[in-house]
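Taken in sequence, the protein lines are chains P and R.
For the first sequence, the working numbering gives the first residue as 207, with consecutive numbering after it.
For the second sequence, the working numbering gives the first residue as 192, with consecutive numbering after it.
Treat the hints with care, since some could be wrong.
[To be verified] Below, simulated SDA-like cross-link-like pairs (lysine to any residue); rule was C-alpha separation at most 20 Å, straight line:
(1) R:Lys-295 - P:Pro-243
(2) R:Lys-199 - P:Thr-314
(3) R:Lys-295 - P:Met-329
(4) R:Lys-404 - P:Met-333
(5) R:Lys-199 - P:Phe-308
(6) P:Lys-317 - R:Asn-198
(7) R:Lys-295 - P:Met-316
(8) R:Lys-199 - P:Met-316
(9) R:Lys-194 - P:Trp-318
(10) R:Lys-237 - P:Thr-348
(11) R:Lys-199 - P:Thr-348
(12) P:Lys-317 - R:Leu-204
(13) R:Lys-194 - P:Ile-470
(14) R:Lys-404 - P:Met-329
(15) R:Lys-295 - P:Met-333
(16) R:Lys-295 - P:Ala-238
Hints in this document: simulated from the structure, not taken from any laboratory.
Nothing here was measured: the structure is a model prediction, and the numbers come from that model.
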Amino acid sequence: MGYAAKPAAWSGRLPGRLGYGILYIALAGIAAIQVLPLLWLLLFSLKNSQEVFNLAPFALPEKLRWENYEKVWTQGHISTYFFNSVWMTVVAVAVTVLLASFVTFAVTRMKWRLRSFVLGLFMVGLMIPVHSTLIPLFSLFTKLHLTNQPMSVILSYIAFNLPITIMIKLGFYYTLPREVEEAAVMDGCSVYRLFAGITLPMTASVISTAVIINMIYNWNEFIFVNTFISSDKFKTLTVGVQNFVGQYTTDWGAIGATLMISIIPILLAFILLSNRIVEGIAAGSVKG
Amino acid sequence: MDKVMSNKTVVALFVLPSLLLIAALIYMPIVLTGFYGLMKWDGVGKMTYIGLANYKELLRDSLFWNSVKHSFLLAVFSALSLLVYLLVALILSAQIRGAGLLRKLYLIPMLLSSVAIAQLWLKIFHPTSGILNRMLVSLGVEHTPEWLSDPSIVLYAIFIPILWQYAGFYILIYYAALKNVPASLIESARIDGAGPWRIAFAIRIPLIAEIFKVTIVLAVVGSLKYFDLIYVMTGGGPNGASEVMASYMYRKAFSGYDFGYASAIGFFLLLICLFMTWLIRKATAGKETIQYS
Numbered sequence: 207m208g209y210a211a212k213p214a215a216w217s218g219r220l221p222g223r224l225g226y227g228i229l230y231i232a233l234a235g236i237a238a239i240q241v242l243p244l245l246w247l248l249l250f251s252l253k254n255s256q257e258v259f260n261l262a263p264f265a266l267p268e269k270l271r272w273e274n275y276e277k278v279w280t281q282g283h284i285s286t287y288f289f290n291s292v293w294m295t296v297v298a299v300a301v302t303v304l305l306a307s308f309v310t311f312a313v314t315r316m317k318w319r320l321r322s323f324v325l326g327l328f329m330v331g332l333m334i335p336v337h338s339t340l341i342p343l344f345s346l347f348t349k350l351h352l353t354n355q356p357m358s359v360i361l362s363y364i365a366f367n368l369p370i371t372i373m374i375k376l377g378f379y380y381t382l383p384r385e386v387e388e389a390a391v392m393d394g395c396s397v398y399r400l401f402a403g404i405t406l407p408m409t410a411s412v413i414s415t416a417v418i419i420n421m422i423y424n425w426n427e428f429i430f431v432n433t434f435i436s437s438d439k440f441k442t443l444t445v446g447v448q449n450f451v452g453q454y455t456t457d458w459g460a461i462g463a464t465l466m467i468s469i470i471p472i473l474l475a476f477i478l479l480s481n482r483i484v485e486g487i488a489a490g491s492v493k494g
Numbered sequence: 192m193d194k195v196m197s198n199k200t201v202v203a204l205f206v207l208p209s210l211l212l213i214a215a216l217i218y219m220p221i222v223l224t225g226f227y228g229l230m231k232w233d234g235v236g237k238m239t240y241i242g243l244a245n246y247k248e249l250l251r252d253s254l255f256w257n258s259v260k261h262s263f264l265l266a267v268f269s270a271l272s273l274l275v276y277l278l279v280a281l282i283l284s285a286q287i288r289g290a291g292l293l294r295k296l297y298l299i300p301m302l303l304s305s306v307a308i309a310q311l312w313l314k315i316f317h318p319t320s321g322i323l324n325r326m327l328v329s330l331g332v333e334h335t336p337e338w339l340s341d342p343s344i345v346l347y348a349i350f351i352p353i354l355w356q357y358a359g360f361y362i363l364i365y366y367a368a369l370k371n372v373p374a375s376l377i378e379s380a381r382i383d384g385a386g387p388w389r390i391a392f393a394i395r396i397p398l399i400a401e402i403f404k405v406t407i408v409l410a411v412v413g414s415l416k417y418f419d420l421i422y423v424m425t426g427g428g429p430n431g432a433s434e435v436m437a438s439y440m441y442r443k444a445f446s447g448y449d450f451g452y453a454s455a456i457g458f459f460l461l462l463i464c465l466f467m468t469w470l471i472r473k474a475t476a477g478k479e480t481i482q483y484s
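Just chain R, same shape as in the assembly (with noise of 0.2 Å):
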């Protein structure tokens, strides 16, 4: 038995090609990533070498510091919507007839593309014919907003459909960790005396922290790599009031052929999301281990 599976040219077989392709098309471009951050390059032309400066610039560019605080201002809304989605999937799983059904229609958008969604979105938020405005001028409104060509509201209004777009997810995760509670100490809560608010603060949410922390995790770092959605709807405009790193650096490298700079825009993408996940799994820190299931 132990020969057989054992074997080293099955191993190398079966794991090579799969480990080859994750090296040349993922952590190899990481490490080129860094260094083309420290190139003067357009993209086809000859790199010129320059080291820190496109960081130094970086540090100076007041765009870059705005989409750098949009992104994190996207990921404080989706760390705070998880509470709502938390007291949601609460409900649900209470003795909800037609829970299950609820649960998949709540997740459909999930399923769609976010230009897909974005297309929509733009479409209900359209500032005459869109259901959003018809909505509030039949309620009575005078001075409909426009909802994406506003500076003002433009990013909490992108956060709408991003809420949409990922509630079914959550509810999901949060649904599926708590039918996991053993239902002997709920029971055994109640016999005690214990109400339905009680039992959620003291046994049921402490139980499932650890999927907290991980979809703590997901959203923040998610909301940090938020592009798709943004690109199709605003463009990061108007005047940049919706701009997020990773569309400032699309747009410096695909549009203003700096790929120099947006690389450096990259390579701080990559360790801000690292970093990220570390601080929060740091700060949650249990005695638990990180759970992949």
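Okay, chain P solo, but in the shape it has when bound (with noise of 0.2 Å):
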């Protein structure tokens, strides 16, 4: 903690303070470009295209437009769109998260001879670009009649987050020490109920940042959908706006409106979880 270089020591010849306050106004303008785009959206979504054209880029409307947003949730699917994503990637995590709970708890803590064989066929699953595996599962669904099904978007879901989630719960399992595990198997406790009813529960912390970065990745995938889906009933809000923009090309307001339904839940999550989430990026950051 203590090493930090002194705000001084940054500034070269200029005055300390200044030279601080140069750096700290570089800071906030990079954070203002990052943010900046977002409140454009929000307040294009709560105006008319008429105040859009006319009034200044973040000026507010007289009247903030809510309407926006009743419209598009109720025409156009968009509930529809939001529930789906919603369950599917609620499946999705929770079936991702228990297998690689599965794969991590036998790869790190029971013996067998393949372990290490078999945790390097998912870690070499890392690099595979998925766009090159995306025109043999699309004739795989089709020959199952899984296209336009759900199933066939949550299987892929699910089997393209297990590498990543089973790295994020690696170096976390093998800091667990054994002496609990050894403790339970003395006392006649099967695997079984070890992996459930004690490692589990250890586990708790990993387990949900696996949870949320298996959500944000889930709710924004956009090419498996836009692939094996093709019925609006089984769209996700990834899908389901690209499409829903492209019929409002001028109704800058409803465009707005549809893309804010679809950021606010990762906002949300942002504002409540943000020090998960900002683990759970570093912890799985060897994905592109």
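Take the two lone chains and join them into the complex the hints point to.
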């Protein structure tokens, strides 16, 4: 903690306070660039097209037009897309995190010959570009009559997120002390009870990190849904938004409201859980 | 203990479902992509074996090489931008009040879907109503750029939202790595009279070299795989000026119904990603092992 360079040390020949001020302004400027486009989006989601074109970009309209949200929510399937995103994300995240816990437990806590090879298979999976698997997956799902079924998307989410989820868990599992397990086994505890009753509760914090990262990935996923799902009934928000916006090219208020609806859950999660998200992204940083 | 923890049935129960899933949905498709690349196939009808004809055609396909060039240009831009991110992380890790909050604000775009980012930036780049050109107009610029429909600037324009999306991610990684540099090293350098830039270049940056290598691989391989953002913003246009490998593959398969040819592109994309990963690791190899944490 105490090592950080003193502010003055960063300012070269400038007086310390001035140099510090310049650095601070630069950093705040970057923060503004990162956040202002979203603020602009929020503002135009509350305007009608006329106000978007006539008012200054960051000016508030006289009346906040929440009816934009109401309109897109009730028209154009946005509510259907939203709930599809919710349930597909929830199912895929639950299964992925559970399966990854099984694998990580078996690889780090149990003794068997092929464990490092199997772990390697999962880790190599991180380097495979999704696009290179897309055509065979599409034809596989077509043969199995799973295209246009949520199952195709959910299975893909699970398979492609397993490697990163295992990776996030690995570090934590390696640091778990063996004594607890040994004591439990001495007391006659079975592996199943050891896993479910002792290891899983002990890894609750890394499970929540993995859940959040998976949620963000699945919520934002585009290419699988765009390729496998053609019926409006099963589209998720990313693809739905894309189609919807195509029909409303000039109604900026409606487009803004649609985009806001698609990013609000993520922004809420971020406000509530930013520390975990930061931790998860750092832990899973090998995925590009 | 050993007996319980080496129970083969349990291992199989725990590992096989996941293993089967990645075998069926990741590894088998990879093999099939290579196989389909040898076929003439429209995706529904019969496949005809044509040997390496698709790959030979790839070599002659100027649209394909254009997309490869664009992908590599984006990779080079991304790799260069890492230096800026490193500089920001260095400054941020000096004793800056509110560094934690700033770091989180930087990260927000990374959490949004590429589709939402693409739609938002389509509006930002809008020739008359977008904030970018409205700003330029208020500064007195008469001929504002047509950001996304001018073939000579579209690729640079598209890189701006990419920078915006990933800035926080790389700054976060560098910041975390810099925070892990032992304080005692920096303290003793300071006592020896080293200034902040000297400390940065002689101690802090060399000590996070391993992380820097990882991020180069991420940035380069990530750029070679770009798809969502470009697909939504320009669809590869105008006139192929922003086409990248993945968007070209997608268009050949799902608009052109040339699944064999698209598979050949997909296989090429796979090889090039694996090759670049290997090449960058090789070129920057020290004695350190790859870190997965």
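Checking each numbered hint in turn, tell me which of them this model violates, lowest number first. 3, 7, 11, 13 and 15
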